[in-house]
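For reference, the chains in residue letters:
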Amino acid sequence: MHWIALRWLPPEVQAAADASPGSATPGVEALGTEALGWWALQFTPHVAWLDEALLLEVSACERLWGGRLALMRELERLNPVAQRLQRAQGASSLVALARLRLFARGVRPPVELPGGLPLDTLSAARPHLAVLERLGCRSWGDVASLPRGGVVRRFGGELRDALDVAWGRAPDQHVWLTLPEVFDLKFELPALAENAAALMWSANRLLAALQVWLRARQRGALAIELQWTLDLRRFNGVDLPPREQIIVRTAAPTQDMAHLRRLLHERLALTRLGAPASWLRLRSVETAPWAGASTSFLPEDNRKGDRLHELVERLGARLGAQQVVVPVPQADHRPEHMQSWLPAHQAALAGPARAVLRRRGKAAAAVAAAPPSAAAAPAAPPNTAAPGASPLYPPWLLREPLALDVREGHPHYQGKLSRLVGPQRLETGWWADGQPAVRDYFIAESPGAGLVWIFRERPSGWLASEAPRWFLQGLYG
Amino acid sequence: MGLPFLDSSSFSAAGQPVWRGDELGAADAQVMATGHAALDAQLPGGGWPVGALIELLQAEPLAQAWQLLLPALARAVQAQGGPVALVGAPYEPFMPALAAAGLGPEALLWIRSEAPAARLWACEQALRCADVPAVLAWLPRARVGELRRLQLAAAQHDTLLFVFRPEAMALSASPARVRLRVALEAGEGGAAQLALHILKRRGPPLAAPVTLPARSERMAALLAAGQLRRRLGPHARHCVSSLPPEGGAFRLGSGPAAEPPAGGVGVAEPVATVVRIASPPVFSVVESGHALDRIALVAA
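Protein chains in written order, with our numbering: chain D, 1 to 477; chain W, 1001 to 1300.
Think of the hints as simulated: they come from the structure by calculation, not from any bench.
Watch out, some of these pointers could steer you wrong.
Said to hold, decoys possible - The following residues of chain W were derived to be distant from chain D, with all beta-carbon distances above 12 Å:
1) G1025
2) L1062
3) R1119
As the list claims (entries may be wrong) - Facing chain D, a subset of chain W residues (Cβ under 8 Å, in silico):
4) A1063
5) A1101
6) H1157
7) M1169
8) L1171
Backbone N, C-alpha and C fix where the C-beta goes; we use that ideal spot for every residue, glycine too.
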């Protein structure tokens, strides 16, 4: 058996030791003891917290890491927090821990192990230190040489058992840390959070822990829930729920906390707390296996910048999902029903695969930075010719047709309109709500606005006495 | 990455370390052909500069966009994939018209926002996205510092960036690489033209504006047909065949057998005339075209 004891230097000691602030990595407080344990699980499955130190049993796995020395170096290199890591080794967990305590004090370990170790480095002996000292016992070996029965009667079984473990006469038993199936961590805020920005500061710590969990589980987050417990039951005479929460979703599994943090930040900026919050809890709602990122040597695949779904989610989080839209063609002949707009994050779920296929298909067409001579040739015929697409339609549409002034029988829009082409007759819409559309479309020219697309509401037979009403529905530009 | 507009290597395209102010500068980065030969000839490098701010100044609704930009946008989307981002468009884009020019429904992302600050923020985010090949932004109230920031974002991520601003901004300073004033005016023969006054480019100032047709080829052919029909009036009876000036094939005469006139009017009355218009590339798929495009009956 071979044990490694790890301890992270407390921040005040760290600050005294080296004055080099400005590191971006979080401190131990920012990560939490659970997450540090999960981090250590990548080296060995046998990890346990004992008093103030994290203990790793590595006899079975040190060859995997290339020997003890290489493993110690790897521990130092992968240190997840900014604070310095103190390490000590020993044949049993208690010896490793005692050596770590001596190292922290700056005392050289004794030659004889474990007999020469001072008694105050043994946790089980600490309540009895004064009595043992008066008995003349200074080291572990002094106590171990006392008669077994007398020690058990005088000090209880724990001290004797601990010494047996240290000498390897009894099994070294611990409750090993395990990685939970679902990430669910809560902690009490250092002070009551009055607004959502204060929550964000604390949520960073939970996000850092989530990242460690995701890496250990080799999964990517798809949806996370941030929940906070309200400190008040009633506020301004209104009963409050015990807790409030927000759920943040992303389209592609991610281990990158920067994107989730930005989404949380935008969502929290729009959230008003019902009352000051005291506890914060982060839960993984949905995760997916993490495939890693594949890289490419081709320069056109290595464009720097965000992915499209990240852009859509970020815009939607701040502006509202209804403000970031993509068109969806509809089979209808009334212009205002030919397309509908869908929030982009809904369409984005099917989007990436489609986009990749399209990009591969057009790799040959990538020579688009054509020489100027090629520009004289007409544009390539569109291969995505949707049914109903026509260059004669106006590129701008007015979803609510604009009623036009009619003077002396002629419609006016920034001047008198002269009809150029038409009519295009359009009728029906009885299957939909509202008035059936009975219209004659014209392309007309306005002195002020150029070409416009207008229609006349065709009067029904018995209403023919009414003057026809004219509407503007599209603009060419 | 250095600031592209301070990059001295941009002037050394032909091995000359000096760029003379009276000749057109060379492009220091990628350009995207505009699809209009007359405009390409006047822009440094022969196209829209990729990764630089392009400013389009025009009168108020700021709606003169598609006829000018569609060829370049369609080409950018074809090359790179991903959607073109529209930030704060004045009206709703109509997809059937844009799809006909090669900008399909999946190639558009419309960001609706009214507040100027939100538009600027959305514009910058869109520029930072690797999957967006081009950004069209309507920023009537942007200040110079904000435009400079957008210019830097576009340069870092190699995105086409078009900013629409009102005409009154023509007198104020701008960090844009290319500035155009776009105006719709009547050309010779009554056909409307897009007049592009190049206010800023790397090259000598241009005295006369670059003129482009304001309508697509098929629209021009359709309008010509309508004009011809009105001129001939109700007395047109015999088959007349002519070619419109813009090259689209154009026929005036009895409809071919593939498409009998609607309602049997053309068959019953010998005085009915069928006007049929189609440009050659779409002649075979004319059934899927616009109803205006297909057939029109003129009763004598």
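Item checked: Structure versus earlier hints - violations, ascending order -> 2, 3, 7 and 8
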